[in-house]
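Number of protein chains: 2
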Amino acid sequence: MSPPIVCLSMEGGAAATTPAALPYYVAFSQLLGLTLVAMTGAWLGLYRGGIAWESDLQFNAHPLCMVIGLIFLQGNALLVYRVFRNEAKRTTKVLHGLLHIFALVIALVGLVAVFDYHRKKGYADLYSLHSWCGILVFVLYFVQWLVGFSFFLFPGASFSLRSRYRPQHIFFGATIFLLSVGTALLGLKEALLFNLGGKYSAFEPEGVLANVLGLLLACFGGAVLYILTRADWKRPSQAEEQALSMDFKTLTEGDSPGSQ
Amino acid sequence: MSPPIVCLSMEGGAAATTPAALPYYVAFSQLLGLTLVAMTGAWLGLYRGGIAWESDLQFNAHPLCMVIGLIFLQGNALLVYRVFRNEAKRTTKVLHGLLHIFALVIALVGLVAVFDYHRKKGYADLYSLHSWCGILVFVLYFVQWLVGFSFFLFPGASFSLRSRYRPQHIFFGATIFLLSVGTALLGLKEALLFNLGGKYSAFEPEGVLANVLGLLLACFGGAVLYILTRADWKRPSQAEEQALSMDFKTLTEGDSPGSQ
Numbered sequence: 001m002s003p004p005i006v007c008l009s010m011e012g013g014a015a016a017t018t019p020a021a022l023p024y025y026v027a028f029s030q031l032l033g034l035t036l037v038a039m040t041g042a043w044l045g046l047y048r049g050g051i052a053w054e055s056d057l058q059f060n061a062h063p064l065c066m067v068i069g070l071i072f073l074q075g076n077a078l079l080v081y082r083v084f085r086n087e088a089k090r091t092t093k094v095l096h097g098l099l100h101i102f103a104l105v106i107a108l109v110g111l112v113a114v115f116d117y118h119r120k121k122g123y124a125d126l127y128s129l130h131s132w133c134g135i136l137v138f139v140l141y142f143v144q145w146l147v148g149f150s151f152f153l154f155p156g157a158s159f160s161l162r163s164r165y166r167p168q169h170i171f172f173g174a175t176i177f178l179l180s181v182g183t184a185l186l187g188l189k190e191a192l193l194f195n196l197g198g199k200y201s202a203f204e205p206e207g208v209l210a211n212v213l214g215l216l217l218a219c220f221g222g223a224v225l226y227i228l229t230r231a232d233w234k235r236p237s238q239a240e241e242q243a244l245s246m247d248f249k250t251l252t253e254g255d256s257p258g259s260q
Numbered sequence: 001m002s003p004p005i006v007c008l009s010m011e012g013g014a015a016a017t018t019p020a021a022l023p024y025y026v027a028f029s030q031l032l033g034l035t036l037v038a039m040t041g042a043w044l045g046l047y048r049g050g051i052a053w054e055s056d057l058q059f060n061a062h063p064l065c066m067v068i069g070l071i072f073l074q075g076n077a078l079l080v081y082r083v084f085r086n087e088a089k090r091t092t093k094v095l096h097g098l099l100h101i102f103a104l105v106i107a108l109v110g111l112v113a114v115f116d117y118h119r120k121k122g123y124a125d126l127y128s129l130h131s132w133c134g135i136l137v138f139v140l141y142f143v144q145w146l147v148g149f150s151f152f153l154f155p156g157a158s159f160s161l162r163s164r165y166r167p168q169h170i171f172f173g174a175t176i177f178l179l180s181v182g183t184a185l186l187g188l189k190e191a192l193l194f195n196l197g198g199k200y201s202a203f204e205p206e207g208v209l210a211n212v213l214g215l216l217l218a219c220f221g222g223a224v225l226y227i228l229t230r231a232d233w234k235r236p237s238q239a240e241e242q243a244l245s246m247d248f249k250t251l252t253e254g255d256s257p258g259s260q
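Line by line, the protein sequences give chains A and B.
The UniProt record's numbering puts the first residue of the first sequence at 1, with every later residue one more than the last.
The UniProt record's numbering puts the first residue of the second sequence at 1, with every later residue one more than the last.
Calculated from the structure, these hints are not laboratory results.
There may be inaccurate statements among the hints.
Computed, partial: chain B to chain A, Cβ under 10 Å [said to hold, decoys possible]: (1) Tyr47; (2) Ile51; (3) Ala52; (4) Trp53; (5) Lys120; (6) Tyr127; (7) Leu178; (8) Gly182; (9) Tyr226; (10) Asp232.
Counterexamples of contact, computed for chain A against chain B with all Cβ distances above 10 Å [to be verified]: (11) Leu31; (12) Ala42; (13) Tyr47; (14) Glu87; (15) Thr92; (16) Leu108; (17) Leu136; (18) Leu146; (19) Phe149; (20) Ser150; (21) Phe152; (22) Glu190; (23) Phe194; (24) Gly222; (25) Thr229.
Every beta carbon over 12 Å from chain B, so not counted as near; a handful from chain A, in silico [as the list claims (entries may be wrong)]: (26) Leu34; (27) Phe84; (28) Ala88; (29) Leu104; (30) Ser160.
All of these numbers come straight from a predicted model, not from anything done at the bench.
Don't be surprised by glycine CBs; every beta carbon is placed ideally from N, CA and C.
So that you can see chain A by itself, here it is in the shape it has in the complex (with noise of 0.2 Å):
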């Protein structure tokens, strides 16, 4: 029973500091995130005729608000446990759930946007590859939301469950992050070929620029999930309650830590 426990004390020794190359990670990670936000703000400003909800230009609020909201809030949502890693859990558990409110409410803007610009001009509804990966990246995410909350805000799940529960969160959190750029990038992908047509293959500005664009999504997704992923940058308090579940259950249960 000594390795876990031993593991906890050193562990608590690192839980005080922040680990030294983690900042500039999250750092250029924004600095990828904002100029995302601004370059997606220019395509549509300079070459799509900006944005207006009464008229044509009420297209333009889709790829925006889904950019905001889908791609760079949802981003950093799922970085607010390694960027927060000194704060109190709750406070952080609360800061994770309200960004991903704010991500979807932003996200259904855009998601109404489309509709009703389809609507006005009478064009079909979901028929292309993108919307299914959309309508897909909807359903999960306010599933995945609502699963969410009633594990870790709500507070009736037990300690064990929650436990159980926490790898396919993060998982799923992942995967539903990396799912909503692949549909930026099939969105994107759609909106150059309707625009440019046969234009796109003479490396007009705007689809120079679109390109880019489409690079910075994957990068952004990339840089997200390297922070989320890298062992040595996880939040320590998550790791000292599984080891403590483990404790526990071995305890309780006679199982050894590693047999689950």
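Add chain B to chain A, keeping to what the hints say.
Only chain B this time, still in chain A's reference frame:
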């Protein structure tokens, strides 16, 4: 030098078991992967006229080679350490490296097909987001293979160097695979918009089949990622080696295991 020996003897003991659910998840991923390859073939055969090298059908070799090489084989190369968890480490390593070589060679045929087709038709190269992402995948894949080979198969690298590089290798391997899936989705979307145009929005059978193919691509990516990242499905020897390497580091350099 004793820790690696201890590690080997522990590997013998721990290696006897396979997590109960793992084979089902692996079987499911293979079912998805094979359906993906078959459906790509069906799409090209039924709606795109089939495949031939010396004609306009040369283009069709591109999606088929990429789905077989950079999606199915690359995905399976990542799973080798989970599937063959009880085989000798060296055998598994060689299989991992070989699958990646097969994937790269098949993908190169797919790359030649599209460049050759563009040249014969007089089409512009490398203007689209799909092609930019594709070239990025190729460069990263090649570099990852070379660096992976020099660290893990070439006998020069030290034990501690390998341990320090391993997490980076795994992260970049998963990222390149996911970028390959994203690039395939972009290519599929491009083919649909070029070939179907306005008919895409009329729910043509080809469009629906290709959308399902796109969702299957995303699901295969998700299934491989799940098997790869589930903590209790990791090859036991790796965790033990890591721990032992840290202990060894502690003993020799006086660092605490959590300090790096």
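Hint check:
no., hint, verdict
1, Tyr47, "15 Å, violated"
2, Ile51, "22 Å, violated"
3, Ala52, "25 Å, violated"
4, Trp53, "24 Å, violated"
5, Lys120, "16 Å, violated"
6, Tyr127, "5 Å, holds"
7, Leu178, "6 Å, holds"
8, Gly182, "5 Å, holds"
9, Tyr226, "6 Å, holds"
10, Asp232, "7 Å, holds"
11, Leu31, "19 Å, holds"
12, Ala42, "17 Å, holds"
13, Tyr47, "15 Å, holds"
14, Glu87, "20 Å, holds"
15, Thr92, "20 Å, holds"
16, Leu108, "22 Å, holds"
17, Leu136, "7 Å, violated"
18, Leu146, "20 Å, holds"
19, Phe149, "23 Å, holds"
20, Ser150, "22 Å, holds"
21, Phe152, "19 Å, holds"
22, Glu190, "7 Å, violated"
23, Phe194, "8 Å, violated"
24, Gly222, "5 Å, violated"
25, Thr229, "6 Å, violated"
26, Leu34, "21 Å, holds"
27, Phe84, "20 Å, holds"
28, Ala88, "22 Å, holds"
29, Leu104, "21 Å, holds"
30, Ser160, "15 Å, holds"
In this structure, the earlier hints numbered 1, 2, 3, 4, 5, 17, 22, 23, 24, 25 are contradicted, and the remaining ones agree with it.
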